[in-house]
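J.: Residues per chain are reported as follows:
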Amino acid sequence: MSIGQYAKRERTMITGDCRPSIPRFVKLRHDAGRGRWILLAPERVFNPDEIAVSVLQKCDGVRSVSDIAAILADDYQAPVDVILKDIIDMLQDLSDKGVLNAGEPTNS
Amino acid sequence: MNEVTPVEQSAVAAVDPSCARAPVGMLCELTHRCPLQCPYCSNPTDLERVATELTTEEWQSVMRQAGELGILQVHLSGGEPTVRKDLEEILEAAVKAGLYTNLITAGVTINRERLMKLAEIGLDHVQLSIQDVDSENADRISAYKGGLAKKIEVSQWTKEAGMALTINAPIHRQNIHNVPRMIEFAIECGAGRIEIAHVQYYAWALLNRGSLMPTRESFMTAAKQVEEAREKYKGIIVIDMVVPDYYAKFPKPCMGGWAKQILNVTPQGRVLPCHAAESITHLTFDNVKDRPLADIWLNGDAFNKYRGTEWMKEPCRTCPRKEIDFGGCRCQAFALTGDATNTDPACSLSPMHDEWAKVAEVESHSTPPDFIYRRVGGAKVTVGGAKEPVPGE
Numbered sequence: 197m198s199i200g201q202y203a204k205r206e207r208t209m210i211t212g213d214c215r216p217s218i219p220r221f222v223k224l225r226h227d228a229g230r231g232r233w234i235l236l237a238p239e240r241v242f243n244p245d246e247i248a249v250s251v252l253q254k255c256d257g258v259r260s261v262s263d264i265a266a267i268l269a270d271d272y273q274a275p276v277d278v279i280l281k282d283i284i285d286m287l288q289d290l291s292d293k294g295v296l297n298a299g300e301p302t303n304s
Numbered sequence: 015m016n017e018v019t020p021v022e023q024s025a026v027a028a029v030d031p032s033c034a035r036a037p038v039g040m041l042c043e044l045t046h047r048c049p050l051q052c053p054y055c056s057n058p059t060d061l062e063r064v065a066t067e068l069t070t071e072e073w074q075s076v077m078r079q080a081g082e083l084g085i086l087q088v089h090l091s092g093g094e095p096t097v098r099k100d101l102e103e104i105l106e107a108a109v110k111a112g113l114y115t116n117l118i119t120a121g122v123t124i125n126r127e128r129l130m131k132l133a134e135i136g137l138d139h140v141q142l143s144i145q146d147v148d149s150e151n152a153d154r155i156s157a158y159k160g161g162l163a164k165k166i167e168v169s170q171w172t173k174e175a176g177m178a179l180t181i182n183a184p185i186h187r188q189n190i191h192n193v194p195r196m197i198e199f200a201i202e203c204g205a206g207r208i209e210i211a212h213v214q215y216y217a218w219a220l221l222n223r224g225s226l227m228p229t230r231e232s233f234m235t236a237a238k239q240v241e242e243a244r245e246k247y248k249g250i251i252v253i254d255m256v257v258p259d260y261y262a263k264f265p266k267p268c269m270g271g272w273a274k275q276i277l278n279v280t281p282q283g284r285v286l287p288c289h290a291a292e293s294i295t296h297l298t299f300d301n302v303k304d305r306p307l308a309d310i311w312l313n314g315d316a317f318n319k320y321r322g323t324e325w326m327k328e329p330c331r332t333c334p335r336k337e338i339d340f341g342g343c344r345c346q347a348f349a350l351t352g353d354a355t356n357t358d359p360a361c362s363l364s365p366m367h368d369e370w371a372k373v374a375e376v377e378s379h380s381t382p383p384d385f386i387y388r389r390v391g392g393a394k395v396t397v398g399g400a401k402e403p404v405p406g407e
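Chains as they are written, first to last, in my numbering: chain A, 197 to 304; chain B, 15 to 407.
The following block holds chain A by itself, in its conformation from the complex:
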């Protein structure tokens, strides 16, 4: 069998136009015993804070990063450009760790 079909060749860069989603093999859930939200991934348990959880719950593959930033800017009464930058940083980190589908816009 040949390999290479699933090889990732380049780092994915998150932009406002990406429509991110959480892969099948990553689980965002509430951990009742420890009273916190967790993101379960291969050999990793992430502890996202309240805002990160709010972002991750909106990563449905439909909303763009900019859409999510607009919603949070409204919820937290904060400037949208600041929120957008923070969200991109956070999602870039998760993408680099292989626990986020970036949902890059397709080239037309």
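Hints are computed from structural coordinates only; laboratory data are not their basis.
Some hints here could point you the wrong way.
Below are the DSBU-like pairs computed for lysine-lysine, each with C-alpha atoms no more than 35 Å apart in a straight line [said to hold, decoys possible]: (1) 110/B - 293/A; (2) 281/A - 99/B; (3) 246/B - 254/A; (4) 164/B - 254/A; (5) 164/B - 204/A; (6) 204/A - 336/B; (7) 99/B - 293/A; (8) 110/B - 281/A; (9) 164/B - 293/A; (10) 204/A - 238/B; (11) 293/A - 266/B; (12) 254/A - 238/B; (13) 204/A - 110/B; (14) 173/B - 293/A; (15) 327/B - 293/A; (16) 327/B - 254/A; (17) 293/A - 303/B; (18) 274/B - 293/A; (19) 266/B - 254/A; (20) 327/B - 281/A; (21) 99/B - 254/A; (22) 248/B - 254/A; (23) 248/B - 238/B; (24) 293/A - 131/B; (25) 204/A - 248/B; (26) 254/A - 336/B.
Pairwise CB distance ranges (calculated) [to be verified]: (27) 278/A - 242/B: 30 to 40 Å; (28) 315/B - 302/A: 36 to 46 Å; (29) 282/A - 128/B: 41 to 51 Å; (30) 209/A - 384/B: 27 to 37 Å; (31) 313/B - 267/A: 40 to 50 Å.
Every residue gets a Cβ at the ideal spot worked out from N, C-alpha and C, and that includes glycine.
Fit chain B to the given chain A structure using the hints.
T.: Positioned in the frame of chain A, the structure of chain B alone reads:
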């Protein structure tokens, strides 16, 4: 749509309140049977027979209890876990219990249909071992013909099914020169992660230390190659490295601290604070057949023996790092000093450290002896003849 949505709220009330102190992970050695015979296997040298293994129902109960205790991740391991014909039923119980599921496999005993079935049941992550990227050398190390080609197939099926893929590469003097190629191999397979796991010298690996210990120079080269690859492949693959502690300044925080994060269930159902714990001969271990898992974790003698820092002697007791590395590995301290409460000789503060590090230096520059392969009875036949230059014994 994927499975992102928060876990049903109905699950919340059922969680045991003790789970605030619950372990994060559970390693289940479903069996000691394995078609491979790798000379660094982490299983004990006294392998358990099939007739003594826990039944399907007993393993399913372990999974349910783990979920109630607040355990988050389960690692289905062995031996080779896929030789259990009831793996599907055990996995199903783990998924139902809300556990994140990881299959640790050599990949040579599973076909596409069965792997797809496991994915359908809810398997999240496949951790696939390789012995080398040179097929012939891989065959020699594992004493199994044609393994690498099968592993490649399994890696592609894993990706096809949308599961996470990790390549697990145990590293030693007979394959350390291929570290960069192993990382490239993992990328080609589509793995999100690779473990460059330097062999840890317990059990089979301790018997074979003279054949496996790399020189300090080759270790340093490999470490540099990993650093470069991390930079080069950022965002492409995550590279985790386990260092050989013979060459470390401080010991590893073994298991993240004794009885702190992880528990291990043997094929027979004994519950251990780490997979090597039975090498500490004065400890006794409870069995899931006799006692609830939560009770064993919270109150079992073996778990409380070295939990926390109260048991420590000097130099650990007053060491500023005692909550960082917990004095290293209890099993290694016991094996090399005869007292499990001593500092692990991997620590530069151990009075035995220099003598012990010298052993690695000498062995790694000597001609490697033949492997003592991991097989039932294999160790017993050869252990008397194997040299064990352990200092201080």
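J.: Now tell me if each hint is right for this structure.
T.: We went through each hint and held it up to the structure:
{"no.": "1", "hint": "110/B - 293/A", "in the structure": "holds, 27 Å"}
{"no.": "2", "hint": "281/A - 99/B", "in the structure": "violated, 50 Å"}
{"no.": "3", "hint": "246/B - 254/A", "in the structure": "holds, 31 Å"}
{"no.": "4", "hint": "164/B - 254/A", "in the structure": "violated, 39 Å"}
{"no.": "5", "hint": "164/B - 204/A", "in the structure": "holds, 21 Å"}
{"no.": "6", "hint": "204/A - 336/B", "in the structure": "violated, 41 Å"}
{"no.": "7", "hint": "99/B - 293/A", "in the structure": "holds, 34 Å"}
{"no.": "8", "hint": "110/B - 281/A", "in the structure": "violated, 38 Å"}
{"no.": "9", "hint": "164/B - 293/A", "in the structure": "holds, 27 Å"}
{"no.": "10", "hint": "204/A - 238/B", "in the structure": "holds, 23 Å"}
{"no.": "11", "hint": "293/A - 266/B", "in the structure": "holds, 23 Å"}
{"no.": "12", "hint": "254/A - 238/B", "in the structure": "violated, 40 Å"}
{"no.": "13", "hint": "204/A - 110/B", "in the structure": "holds, 32 Å"}
{"no.": "14", "hint": "173/B - 293/A", "in the structure": "holds, 17 Å"}
{"no.": "15", "hint": "327/B - 293/A", "in the structure": "violated, 39 Å"}
{"no.": "16", "hint": "327/B - 254/A", "in the structure": "violated, 51 Å"}
{"no.": "17", "hint": "293/A - 303/B", "in the structure": "violated, 39 Å"}
{"no.": "18", "hint": "274/B - 293/A", "in the structure": "holds, 25 Å"}
{"no.": "19", "hint": "266/B - 254/A", "in the structure": "violated, 39 Å"}
{"no.": "20", "hint": "327/B - 281/A", "in the structure": "violated, 50 Å"}
{"no.": "21", "hint": "99/B - 254/A", "in the structure": "violated, 40 Å"}
{"no.": "22", "hint": "248/B - 254/A", "in the structure": "holds, 26 Å"}
{"no.": "23", "hint": "248/B - 238/B", "in the structure": "holds, 15 Å"}
{"no.": "24", "hint": "293/A - 131/B", "in the structure": "holds, 27 Å"}
{"no.": "25", "hint": "204/A - 248/B", "in the structure": "holds, 11 Å"}
{"no.": "26", "hint": "254/A - 336/B", "in the structure": "violated, 41 Å"}
{"no.": "27", "hint": "278/A - 242/B: 30 to 40 Å", "in the structure": "holds, 35 Å"}
{"no.": "28", "hint": "315/B - 302/A: 36 to 46 Å", "in the structure": "violated, 60 Å"}
{"no.": "29", "hint": "282/A - 128/B: 41 to 51 Å", "in the structure": "holds, 44 Å"}
{"no.": "30", "hint": "209/A - 384/B: 27 to 37 Å", "in the structure": "violated, 51 Å"}
{"no.": "31", "hint": "313/B - 267/A: 40 to 50 Å", "in the structure": "holds, 48 Å"}
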